[in-house]
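Protein chains in written order, with the numbering used here: chain R, 1 to 264; chain Y, 1001 to 1534.
Treat each hint with caution, since some may be false.
Straight-line Cα separation of at most 25 angstroms, BS3-like style, residue types lysine-lysine; simulated pairs [unchecked claim]:
id, chain 1, residue 1, chain 2, residue 2
1, Y, Lys1420, R, Lys179
2, R, Lys181, Y, Lys1479
3, Y, Lys1359, R, Lys153
4, Y, Lys1346, Y, Lys1359
5, R, Lys181, R, Lys166
6, R, Lys166, Y, Lys1009
7, R, Lys179, Y, Lys1074
8, R, Lys50, Y, Lys1420
9, R, Lys113, Y, Lys1420
10, R, Lys181, Y, Lys1420
11, R, Lys113, R, Lys35
12, Y, Lys1137, Y, Lys1346
13, Y, Lys1346, Y, Lys1074
Label-pair restraints from in silico Cβ distances [unchecked claim]:
id, chain 1, residue 1, chain 2, residue 2, range
14, R, Glu160, Y, Asp1470, 57 to 67 angstroms
15, R, His176, Y, Thr1012, 21 to 31 angstroms
16, R, Asp244, Y, Val1022, 47 to 57 angstroms
17, R, Trp152, Y, Ala1384, 31 to 41 angstroms
18, R, Asp33, Y, Ile1520, 34 to 44 angstroms
19, Y, Tyr1015, R, Glu160, 44 to 54 angstroms
20, R, Glu160, Y, Phe1471, 50 to 60 angstroms
21, Y, Glu1417, R, Glu232, 39 to 49 angstroms
22, Y, Asp1470, R, Lys179, 29 to 39 angstroms
Hints listed in this document are in silico derivations from the structure and should not be mistaken for laboratory results. Here the structure is a predicted model, which is why all the values come from computation and not from measurement. Glycine residues also receive a C-beta, built at the ideal position from the N, C-alpha and C atoms.
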Amino acid sequence: MNTLPKIESTERRPSPRLQLIARDGSDGAERIDPKTAHISAVGLEKNYYKGSIKIPVLRGVDLAVREGEFLAIIGSSGSGKSTLLHLLGTLDQPDKGEVMLHGQRIDDLPARKRDGLRNSQLGLIFQFYHLLPEMSAFENVLSPRMISDGVWKYWSRRREHEAEAKRLLEIVGLGHRLKHKPRELSGGEMQRAAIARALINGPRILLADEPTGNLDRTTGQEILNILRGLNEREKLTTVMVTHDLAIAEQADRIVRLVEGRVET
Amino acid sequence: MYVLLLCRKYLTTRYIALASVVSVMLGVATMIVVNGVMKGFSVEMQARIHGVLSDVVFESQSLEGFMDAQWHMKEINKVCGEYIEGITPTVVVPAMLSYKVQRQWITQPVQLIGIDERTQGKASDFSGFLQHPENRKQLSFDLREGGYDTQNGKRASLADAGWQYRREMAALRKYDRETLDDDPLKGGVQPPAPLPPQASQPPAGLAAAAQPQQPKPVDIFSQAQQQAAAKGQAPPPFAAAQNVFDAGKQQHTGLVLGIALSSFQDRAGDEQFLAMPGDDVRLTFPTAGTPPRPIDDLFTIVDFYECKMSEYDSQFVFVPIQKLQQLRGMIDPQTGNARITALQIKLKNEADGNIVRDKLKAVFHPQLYRIATWRDKQGPLLSAVEMETAILNVLLFLIIAVAGFGILAIFFMIVVEKTKDIGILKSLGASARGVMGIFLGYGLALGAVGAGGGFVVGMALVHYINEVADFLGWVSGTKVFDPNIYYFYKIPTIVDPFTVGWIVLGALAISVGASVFPAIRAARMHPVEALRYD
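Build out the structure end to end from the sequences listed, making use of the hints.
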């Protein structure tokens, strides 16, 4: 992380092979053992309820992501891609199936452990940035560190934390906007701040839910370049959900979700 | 850390929540003021009551009193001498006070108390309530030349009181008698018989012209007295020969008058007096015999007594105990032993009052003696003040509780408003406990601001309570605090740090308590649902 250069690359990458993985791998695609994958899902099912009406969202999804891989999940609205990302990020728990990190099941961990895991090993990026409006960009970036450390620990190492936050904001091109509140930033700037925030605790996996969905194409490409750069230089495993095939094509691999299932 | 940061951010950006703090602040401020004033009132009142009553009062059940004060004092010292600092005998009897203003007689019921001028100051704070600085050091029933405390001009007329005033009044009366035959003290009463003289001051004069026929005391010793006279023994002092009394040079027996018995306030707010030190008054009271008969005598006011308890200031009249015993026929002419109605006992430590009372009660028969601490004697009044304070506290605490409900409602609104932020925090790894901590901390911060503000406002109000009362009086056009009603010139206040601490802690507890339910709700929010909230 310390050698991470400022990411400005706009270079288009060759389209990745659309790789669809069925449970039995019968499509012939490369099979990844969930137990050796960096993060994986096995037979994930998730239903929502509207009153007494059951709405199935995920109907048994198997997915495995290698360490350092940049995976794009595409699908139309309502296909369950955000839900899948939330399950991978332990923000939600599946009705059935398992989520594994380095072969260890994580979906059934106690809430406190899942919180800790999310804080230290997963970096989450959202379509609508989800920055805390009361805090400046700088404070937003520091917030995961504030969460992980107690008051005393944070306070005693605050200079170190602040230097790291500044460095990350400079990497994403926001070094000049440290004290600005989210409402004073543009969409692209907010997403850059969100990326810096996702990186502050040094996660090994980035989960991005439509990171360019709310941005114009140029800005979206800039954001994607940042993510791509992190993936290449830092070998950060990245799972990105998008409905934009043009964006998805810049990933190493694409998985398509159709009606809660990985399309075979 | 994020909990502290967000608490600070919410506190400085959510002004609607600060509105709910105003009611906490007002509640705390009001409670501090009310408790300060009530405590001040209570302590001041107790000090005044205690100034009149000694620590333990040993009383006779009968107005006739009990025999042999010395024997009683000795016995009391035997029972609990280790606790006792001093004992002084008193005679307490109901009486009528009469004095003449212009041509009008003013008669009032009073409590006549015979005291020993040498020891009374040692058994209670009596001396401190007198108006002449010398009398405060050591009471004397001799009229002073002048120098009475004018309270920085509020009692300007007292500057003339004393012998100077008496001489002027005597000369005026003499002139009236000689030129107009209009003695203001003659009034509608029968010309009195001459008074029995005091040992050093022969009576008559003013009294010779104004006194009614002196009724002979018919007392419990009358029989013995007559027998003694028949045997050629010396007659008691009050039966001495008559002399010419010069009011300009002589005084009657000294008397300390409760200040409210002769004072009134003029339109300018200054205190004026119907009778002053140097004036003569007449006291009528029952003898000690059975049945009691009225007896009266002239006395000269030598000082005013002011403990600022209107009940006492408008009732108490103090005279030398020996004179009262003589007039009431309480001295056994054969033995010289005098009866008294009460012994005032001062303790080394006032806190031992109950022990001393109980020890004495075990020895002295309750059919004959009433033994009580000063607190027992004023129990109902002290309990009433305590009860009033307690009820006020409950009512005022309800104000803070209402403020707590305000915080609860606003917090629920804030939790709803902050739903997305809660989702964000949870997505970043904040635990449910951490999220709960934000809102509990926010409640505590609001409570601290409210209680802190209330503390500052309350303490300022307590400090400037009299100025505030004057201002409110000026605004409303009526006196908010009338010294005539309360008999305090200033509103007494005492801030008890312990009470203030409880008030502040209570306000904090209510603020935190009110934020518990919203905080639990926030903690239980599902992160995905919270993130999707619009």
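Hint by hint, which ones does the structure fall short of?
Hint check: 2, 3, 7, 17, 19 and 22 fail, others pass.
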